[in-house]
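Each residue of the first sequence is one higher than the one before, starting from 1368 at the first, in this note's numbering.
No lab work stands behind these hints, which were simulated from the structure alone. From the three backbone atoms N, C-alpha and C, an ideal C-beta is built for every residue, glycine too. Fair warning: there could be bad hints in the mix.
What the hints assert, rightly or not - Here are the simulated lysine-lysine pairs, DSS-like style, with alpha carbons at most 30 Å apart:
1) K1724 <-> K1891
2) K1445 <-> K1909
3) K1445 <-> K1431
4) K1644 <-> K1751
5) K1459 <-> K1891
6) K1751 <-> K1646
7) K1751 <-> K1445
8) K1539 <-> K1524
9) K1445 <-> K1539
10) K1691 <-> K1724
11) K1691 <-> K1646
12) K1925 <-> K1724
13) K1751 <-> K1799
14) K1909 <-> K1925
15) K1524 <-> K1489
16) K1821 <-> K1799
17) K1459 <-> K1799
18) K1724 <-> K1829
19) K1891 <-> K1787
20) K1925 <-> K1829
21) K1652 <-> K1459
22) K1489 <-> K1478
23) K1891 <-> K1850
24) K1445 <-> K1392
Claimed, not checked - FRET-style restraints, in silico, Cβ to Cβ:
25) P1873 <-> G1541: 40 to 46 Å
26) P1885 <-> E1605: 38 to 44 Å
27) G1466 <-> D1537: 54 to 60 Å
28) A1889 <-> E1383: 47 to 53 Å
29) E1500 <-> E1877: 28 to 34 Å
30) H1737 <-> E1877: 40 to 46 Å
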Amino acid sequence: MSNPAPATASLDFIREMIAADVSAKRNEGWVVTRFPPEPNGYLHIGHAKSICLNFGLSLENAPKARCHLRFDDTNPTKEEVEYVDSIQEDVKWLGFDWGDHLFYASDYFEKLYAFAVNLINKGLAYVDDQTPEQMRATRGTLTAPGTASPFRDRSVKENLDLFAQMRAGDFKEGEKVLRAKIDMASPNMNMRDPAIYRILRAHHHRTGDAWCIYPMYDYAHPLSDALESITHSLCTLEFEHHRPLYEWLIANVDGLPSQPYQREFARLNLTFTVMSKRKLLRLVKEGLVNGWDDPRMPTISGIRRRGYTPTAIRNFCKSIGMTKYPSLTELGFLEHTVREDLNQHAQRVYAVLRPIKVVLTNYPDGQVEHVELTNNPENEADGKRQVPLSRELFIDADDFMETPSQGFHRLVPGGEVRLKYAFCIICHEVIKGADGSIIELHCTYDDTTRHGAKPVGRPKVKGTIHWVSAAHALDVEVRLYDKLFTVEQPEESAGEDGDFTQFMNPQSLEVITAKIEPSVAAAKPGAHYQFERVGYFYTDPKDSLPGKPVFNRTVQLKDGFLKTK
RNA sequence: UACCUCGUGGUGUAAUGGUAACACAGGAGAUUUUGAUUCUCUCAUUCAAGGUUCGAGUCCUUGCGAGGUAGCCA
C-alpha cells in the first residue's frame, strides 16, 4: 500500500541483459545465478544487495530459473564453519531459499585439479619455482610489461610431474605455484600468467587434510560456475578486470558443461559505516563492538538484532537500484525503509526513557483506573489493551521544560498538556533537590478533559505526551543505539595511512533503565514495538528473559520538533 | 604519468534519439489525542567543449573528474 509497484517497472542493466538472453532463448531460456560468499566473515547489508539480486532474479524468472548458494571456500587459512552457518542463517532470514542447490567450491577440488592437468597438457599452464617476491618483481607494473619466468617453457611432461608432486606434498608451502600461461605483457595485470594453484598446508573445514594445494579464486570461480551450469555470474565492480581471465578459462578448459558469463555491478556503500569484511573483522577482534551481531554493525546479524526487518531490507535493495556507478547511499534512506515497514506492523506501547515523576495532587490516593489504548492505529485488527493509571506517574524528561524554548508545546510550569488518552494536567510546582535537580512535578488533572469528552470554552491544549503509572511501570533495560561512526565516510576521512576507528562514535551505545507499561512483561524475544513518540524498539533475542525483556532501539521516530531546534 | 569502468537535483535512481521524472533528504502548509503516520505544495538535475541530427541526458570526438587494478586474498 505504501510501496506500490510502478505500472511500468523499468529494468536495470543486469535485468535488461538477462531479459534479452531469455527472449533470445540463450541457455534454453534458463536463468541460473549464484550467491558465492567466502565463509571468512559474516554477511553485511552490502551482501544483501547481491543476495536480493541473485535470488530475486531466480524468483522473477521462475520456473526456468534457480539460484545456488555456493561457498567459495578455496582458502582454508581464512575460513571457518561458524561463518558457513551464519551465512546460511542470514540468507534464509532475508527470505530466500536455495532449495537443493547448496554447494561448495571445495566439492569440485578433484575436477578442478583435472582441469588444471588439461591446461598443462594444452601447454596453457606451468609450474613456476619463483618465490612470491620474484614473481612480483617480474610481473611488471601498471605502466611496464612483465617478463617471462625462467620456468615458463618447461615441458608438458615436466609440468605434469611437478604438479603431481605439488599435490603429493613433495614441496614446502610457497615453494612452487601453478600458473596459467597467458601474456606477461598484457595491460591487464590479471592476465600476466596468474597463479591458479598454490601450496597451502592448512586444514580445510570440509576436505580436512586431503589437499595441500588449493585453487585460486580466479581459477576456481569460473570453472565452478560452469560446473553448476550457472548462466549469469554477477559480481561487484572490482572483479571487472578479472573478466578476461574468467572468459579465458571458460574458453580454454575442455569439457565444460556450460558457458557462463560474468557481469559486474557497483557494491553498496553506506554513510556512517564501514563495509568491508576485513574492517568489520577488526572491530570484532579488537572488541570495539560486541561481536559480529552487535546491533551497531552493518552485518545482517547485527541489523537483525537491531530490529531491522527482511521486508525493509528487501525494499531497500530494490530502491537503491543496480548500476555501475560507485554510489554512496545515505544511511537515512535505509532508516526510512525500516520505519516504513515497522510503522505498519509494530505494536505501540508507552515507555518513558528518562523519567520525571509527576504527582497528580487532586487524584485520589490509592485509586487505579485503566485506560484503553490502541495497539496499532495502522491496523485496527491488532486490538486494544488496558493500561493502568494512578496518582503518581512518570513522564519523559524531554516532555518538560522549566524554561521552555521557542515552539515547545509540552509541559511547562503553569502550563497544561494532555496525557495521551487520559486527561489534561497543569503543572503547579517543580520540586527540586538540594542540588537543584528536579525530583518531581506537582500537577492537577482536569476530569472534564477525559478521552471522548468535549469540554467547551477551554483553551486548546497543544501538547500530547505519553506517560506510565509509577506504581505499575516495569523497569527495563533499553539500549539506545546510534550510528557507529561520526563521519559519513570513515575510511576516506582517515586517509591512506589513517585509522578509521578514530571516528567511532563514543555515543553509539547508551544503556539506560526505562519505565515501561506493564503489558510488555509478556513481550517475546524478537518482537517489534513502537515506543509512542520515541522510536522503534526490538526485544533482544539473546538477552531478554521471560518477564524481563531487553530492548534495542532500532531507529528513532522522525522528530519534527528536533528540526526546529 | 598504463589499462578498465563510470559521470543526471544534496543523496539514490528513471527517461533505450522526441515534454528530464520518481523516491529520500530539505522547505511551506493541512489533518492528527504519537511534533509520528497520512495528504498537499515547494526547492533543486543532465561534468565541459565541439560534432552528427529537424531534434542529444542518450550517438561520435576531445578534454576534465571519479572509482578500480601491480596477493601464492576473495
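Hint check results:
1. Annotation: proposed proximity of K1724 to K1891 holds, straight-line Cα distance about 28 Å (limit 30 Å).
2. Distance hint between K1445 and K1909 is fulfilled; the C-alpha atoms sit about 27 Å from each other, no more than 30 Å.
3. Taken as a hint, the K1445 and K1431 pair is broken in the structure, with Cα atoms around 36 Å apart against an allowance of 30 Å.
4. The straight-line distance between the Cα atoms of K1644 and K1751 is roughly 45 Å, outside the 30 Å bound, and the hint therefore fails.
5. A hinted pair counts as satisfied when its Cα atoms are at most 30 Å apart, and K1459 with K1891 qualifies at roughly 21 Å.
6. Taking the CA atoms of K1751 and K1646, the gap is near 46 Å; set against the 30 Å cutoff, the hint is violated.
7. Proximity of K1751 to K1445 is assessed by CA-CA distance (about 52 Å); at most 30 Å being required, the pair is judged violated.
8. Straight-line distance between C-alpha atoms of K1539 and K1524 comes to about 21 Å, which keeps the hinted pair within the 30 Å bound.
9. The hinted pair formed by K1445 and K1539 meets the criterion: a straight-line CA distance of about 19 Å does not exceed 30 Å.
10. The hinted pair formed by K1691 and K1724 fails the criterion: a straight-line CA distance of about 56 Å is larger than 30 Å.
11. Among the hinted pairs, K1691 with K1646 is consistent with the structure: their alpha-carbon atoms are about 24 Å apart, no more than 30 Å.
12. Between K1925 and K1724 the CA atoms are separated by roughly 26 Å; this keeps the pair inside 30 Å, and the hint holds.
13. At roughly 37 Å between alpha-carbon atoms, K1751 and K1799 are farther apart than 30 Å, so this suggested pair is violated.
14. Restraint check: the Cα-Cα separation between K1909 and K1925 comes to about 28 Å, which is no more than 30 Å; the hinted pair holds.
15. Distance hint between K1524 and K1489 is fulfilled; the C-alpha atoms sit about 11 Å from each other, no more than 30 Å.
16. The hinted pair formed by K1821 and K1799 fails the criterion: a straight-line CA distance of about 35 Å is larger than 30 Å.
17. Of the supplied pair hints, the one linking K1459 and K1799 is violated, its CA atoms being roughly 54 Å apart against a limit of 30 Å.
18. Between K1724 and K1829, the direct Cα distance comes to roughly 21 Å. Compliance with the 30 Å bound is thereby established for this hinted pair.
19. A C-alpha spacing of about 26 Å is found between K1891 and K1787, which places the hinted pair at or below 30 Å, so the restraint holds.
20. For the given pair, K1925 sits about 19 Å from K1829 by alpha-carbon distance, which is consistent with the 30 Å threshold.
21. Taken as a hint, the K1652 and K1459 pair is honoured in the structure, with Cα atoms around 26 Å apart against an allowance of 30 Å.
22. The hinted pair formed by K1489 and K1478 meets the criterion: a straight-line CA distance of about 17 Å does not exceed 30 Å.
23. Of the pairs offered as hints, the one joining K1891 and K1850 holds, with about 26 Å between alpha carbons and a cut-off of 30 Å not exceeded.
24. About 40 Å separates the Cα atoms of K1445 and K1392, which puts this hinted pair outside 30 Å; it is violated.
25. The supplied range of 40 to 46 Å is met by P1873 and G1541, whose beta-carbon atoms lie about 43 Å from each other.
26. Between P1885 and E1605 the Cβ separation comes to about 53 Å, which falls outside the hinted range of 38 to 44 Å.
27. Checking the proposed 54 to 60 Å range against G1466 and D1537 shows it is violated: the Cβ atoms sit about 42 Å from each other.
28. The given range of 47 to 53 Å is respected by A1889 and E1383, whose C-beta atoms sit roughly 50 Å from each other.
29. Range check, E1500 to E1877: about 50 Å between beta-carbon atoms, so the 28 to 34 Å window is missed.
30. Checking the proposed 40 to 46 Å range against H1737 and E1877 shows it is violated: the Cβ atoms sit about 32 Å from each other.
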